[in-house]
Amino acid sequence: MPVVDVDPDELRQLTGHDEKSDDELKDDLFNLGLEYEGETEEGFMQLEFAPDRLDRLSVEGVARSLRYQYGDDRGLYVPDTNDADWTFHVDESVPDERPYVTGAIVRDVNLTEDALDSLIQLQEKLHATMGRKRAKAAIGIHDLTMVKGQAYDADEGGPSITYKGVDPEGDQFVPLDSDEEMTPAEVLDRHETGETYADLLDGFERYPAIYDELGLFSFPPVINGRRTEVEAESRDLLIELTGTDQWTIDHICNVICYALSARGGTIEDVDIEYDDAAVTDDEYGPNLVRPDFSVRTKHLSHDRIETVLGVDLDQHTVLDLFERSGLSASVDDSVDADGTVYKVEIPPYRVDVLHPMDLIDDLGRAYGFNELEPRYPDVGTVGGRNERTRLEDAARASLVGLGFEDLLNFHMISADANYDRLNIEPGTDVIGSGEPVEITGPYSEDYTQLRSWVLPSLLMVLENNTHRAYPQELAEIGLAAAVDESENTNVAEWRSIGAVIARHDATYEDAKARLAALCADFDATLETPATEHPSFINGRVADVVVDGETVGVIGEVHPKVLVDHDLELPVAAFELRLDALSK
Amino acid sequence: MRLPDSQLAVLEAASATDPTAVDRLADQTELDPAAVTRAAFDLRDEGLVTVDETTDTSAELTEEAHEYLDVGLPEVRLYTAAIEAGADDEPTSMGQLIGASGLGGPQVDIALSNFARKGYGSIDSGEVAAQPDADPDSDPEAAALESLAAGESVDDGDLLDQLERRELVEQSERTVREVTLTDTAVTALMEGIEAAETVDRLTPEMLTSGEWAEVEFAEYNVEADAPAIEGGRKHILRQTADRVKDVLVGMGFQEMEGPHADADFWINDCLFMPQDHPARTHWDRFALDVPPIQDLPDQLVDRVESAHREGVGDDGEGYHSPWSRDFAEAVALRGHTTSLSMRYLSGFAGADIEPPQRYFSVEKVYRNDTLDPTHLLEFFQIEGWVMAEDLSVRDLMGTFEEFYKQFGIEDIQFKPHYNPYTEPSFEIFGTHPTTGELVEIGNSGMFRPEVLEPLGIECDVMAWGLALERLLMLMYGFEDIRDVHGTLCDLELLRETEVVY
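Protein chains in written order, with the numbering used here: chain G, 13 to 595; chain X, 10 to 510.
To be clear, the hints were calculated from the coordinates, so they are not data collected in a lab. Keep in mind that this is a model prediction, so the values were computed, not measured. Here a beta-carbon is modelled for each residue, glycine too, at the ideal position from N, C-alpha and C. Certain hints may be false.
Claimed, not checked - Think about it this way: if two alpha-carbon atoms lie no more than 27 angstroms apart in a straight line, the pair counts; the simulated DSS-like pairs of lysine-lysine are:
| # | chain 1 | residue 1 | chain 2 | residue 2 |
| --- | --- | --- | --- | --- |
| 1 | G | 524 | X | 243 |
| 2 | G | 595 | G | 524 |
| 3 | G | 595 | X | 373 |
Stated by the list, open to error - Covered, in the sense of this in silico footprint (three residues per stretch, anywhere, with C-beta under 8 angstroms from a C-beta of chain X), are these stretches of chain G:
| # | segment |
| --- | --- |
| 4 | 108-114 |
| 5 | 128-139 |
| 6 | 195-202 |
| 7 | 379-392 |
| 8 | 396-407 |
| 9 | 525-538 |
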């Protein structure tokens, strides 16, 4: 979950509540859903929260939410914007994989070192969350005074910049954190940030780039040019976002504009002009004015609010709670319904509201969920266990009664442990050799597939406990699996019973005696015809046949297997399917 | 006369004229003193010996007393310093004397309080006046300490009590028993006493032959340790799971089951998790190298896709994320058992889904996390849901309050939270029983309309999840879950862990 570092002094200043102690702030933040995780070296609060309210990824947004919570601000707020001067031109050469752009101009921002740090943090956190590590959206913020717009549309229009696709080995620029002129390909090859994000441009014929009259100044989604770097002294900013989805970049842009507006900035529209041959979003068309501060509306019935929160509320209270959530609501008379229906206006920085239900959550937070008194629901149902786990429990009780220690191992294992070290090969017909259910691109070489039987896990436990007292009589009932295309999921899963007796004088007979006792508990008929199995000593191994069906194997473990597990004493073992014991 | 071996030995070692202490008898008979005492009392009951008991008081010097033996009692040192400073003529400042005497720390108070008590002088307003006639060389307390150190006894009980109050000696009492033969015993010994036959084990033959009535059974040292045995026992985590299942069944929940390897459709898409959600990327899930599931229920898939793209309801909006059926059909290890809830709620698992219903499972889930003391790649998730008409957040809170109360976790708090599949959502926090910290103990919420409508559910469903391992660690204070769960487990720890009930 995202963690945002917030300077408590800035929070007090931006909320206008100098009197709040750190502890009071922490309580207020907890009620908003922001959990205090600790403190940074500079004494900033580290706040962890779920990734829904992305508008709270900076101190400005957290302060805005607190001001609503305190009742200092009420209702919907949309900043005024000035008319567009600049144009963002999208050239038809723009890569199809990343065709969308949006942005805004922000003037007279009161940046300080702290405010700049906060802006950079906001940018990074938005990249990490909604931007899907820049795959879906990438943000570039530039010092506007360093951008030299070219006149758009020959000489007629205002200044413009152009988003286009370029030859990876073409134009050079000096990226941030470097003194060297590089082509985009060289950035990916040897600039630290370039290496980090190189994967995002895998397979691109042309790389995305943004140009002004002086040339390439931004290489999304990788890095900006040094020329337009924002400093604490910068006052006018150009914001550009590129990505794979217009809605997503537009809304991230809104979050940034609101944060900069809270720092005194004036928002100025930009015209976005997509070339005819450029990809555009059907919903929006080729000519856009951005940022898109349009207000969405949703409808919510009074009854539903009362039901979900479980309390009676009057209309006045509901309207007040909406306002304290930064929303504006009115009773909608046009809706022909039995009860009251509210029409709720949602500000453009809210990226999380998909359904009216999300607004009830806002009301609950404003009301204070911890003010609600818990009640046990007056609903009668009959509880019970399912047959499979009851069988498993009964078998486990029998094994424990026979003196086995019940174990619990991982279902994931390596092929080496599952097959090789047990001296068997996958896909043969012996017990345990089922086709592996393999993990695609496994993370760890110890966990590359699901186990196809339980014995390998038990032998590993013996291997890891040779320093502990003997005898060690261990059993486990747990999942085993193999590829089986006749199953709905293409994976056969079953519960398997595995047992080992490790003792200086353990023999086949010891294992057989216990297996017979187990089967007798379930009134199952056991036969043990001789068989061959590479994990066991020839002549001391048998099929486990229960009620006429071969369901497992029993025997003395082969010395090769024992030695491979660093065991210096004999082990007798058996394994069978749990369902063999069911009626 | 016939007597058991031990009694006969004691009788033969004792004397009719000189009382013999139990310790000496033990040396002579090579029995342990407890056995000799037991035998002596048995013999006394037979009228063969008398047992005289006396109480022996011994006093041992404490560490503090040993220190004073070297440097002198604090009050004596103060007096010596006072005399040297001429305080016998004229009262002298206490600070100066303490400095001169070299006393420090708690010894200053000790010196001052005993100085006056022993008549070495008086202290008034910080001025010390020494009594010129006092004779610290013959201080009885110092003398008593010297005597005890030399191994001599000190008979003055009051003096010893005083030293004990000063924590300079520790007195202990011990009963000394001395045994003397009676005339009867002397006569019997002269007539000869046979050792009764003692047997080691009761045998089936003794019982059938009646021989058991004639024999004496050899005495065991019943206090001695027996060899350790390890009985079988259920795994601690299974015991905890059983406890959870008991509680849930008692609260009216039915148990669910279903596949560990499942389509992403059931694991994530039904839950309204966008396909580009970070938890669905390669690094967080365990994709399996098996063919996709091709017989997903088509109509349900269409409704779920529509929820993702368009949202549900008049005002609903979908995600602005890609959605493909191929991804939905891909098979992976489930990252949560909510996949079971989806199978049950959709009716696909064949369960009755008319409200009201309560369902639960305590089953394994798989997360591609970094292994550490509190995180495993696979762990047990407790999953539960309640379906009914018009459920409220208060019902959710009441249900979970009741559940956690069963595990001694009271005063739970609900922190508003966000999950893609529930709204409202809450993280549940409780107070750690030993550290008192507020810790997260569950995640809960009401399923979103985008989850329920495609499944055809027209009432409310509230759900929650919690890692069983987390509950175990909270209840038992384990520090490293890897000692318990998995092939790196420590058998000794599992053998020694207290059972759950």
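The hints, checked one at a time:
1. Proximity of residue 524(G) to residue 243(X) is assessed by CA-CA distance (about 22 angstroms); at most 27 angstroms being required, the pair is judged to hold.
2. With a C-alpha separation of about 22 angstroms, the suggested pairing of residue 595(G) with residue 524(G) holds against the 27 angstroms cut-off.
3. At roughly 26 angstroms between alpha-carbon atoms, residue 595(G) and residue 373(X) fall within 27 angstroms of each other, so this suggested pair holds.
4. Taking a C-beta to C-beta cut-off of 8 angstroms, the segment 108-114 of chain G contributes 0 residues in contact with chain X, too few for the three needed, and the coverage statement is violated.
5. Interface restraint, the segment 128-139 of chain G with chain X: violated (0 residues with C-beta to C-beta distance below 8 angstroms; minimum three).
6. Counting residues of the segment 195-202 of chain G whose CB lies closer than 8 angstroms to any CB of chain X gives 0, so the stated coverage by that chain is violated, three being the minimum.
7. Counting residues of the segment 379-392 of chain G whose beta carbon lies closer than 8 angstroms to any beta carbon of chain X gives 10, which meets the minimum of three for the stated coverage.
8. Residues of the segment 396-407 of chain G with a Cβ under 8 angstroms from some Cβ of chain X number 6, which satisfies the need for three, so the listed coverage holds.
9. Check on the segment 525-538 of chain G: 0 of its residues sit with their Cβ under 8 angstroms from a Cβ of chain X, so the three-residue criterion for coverage is violated.
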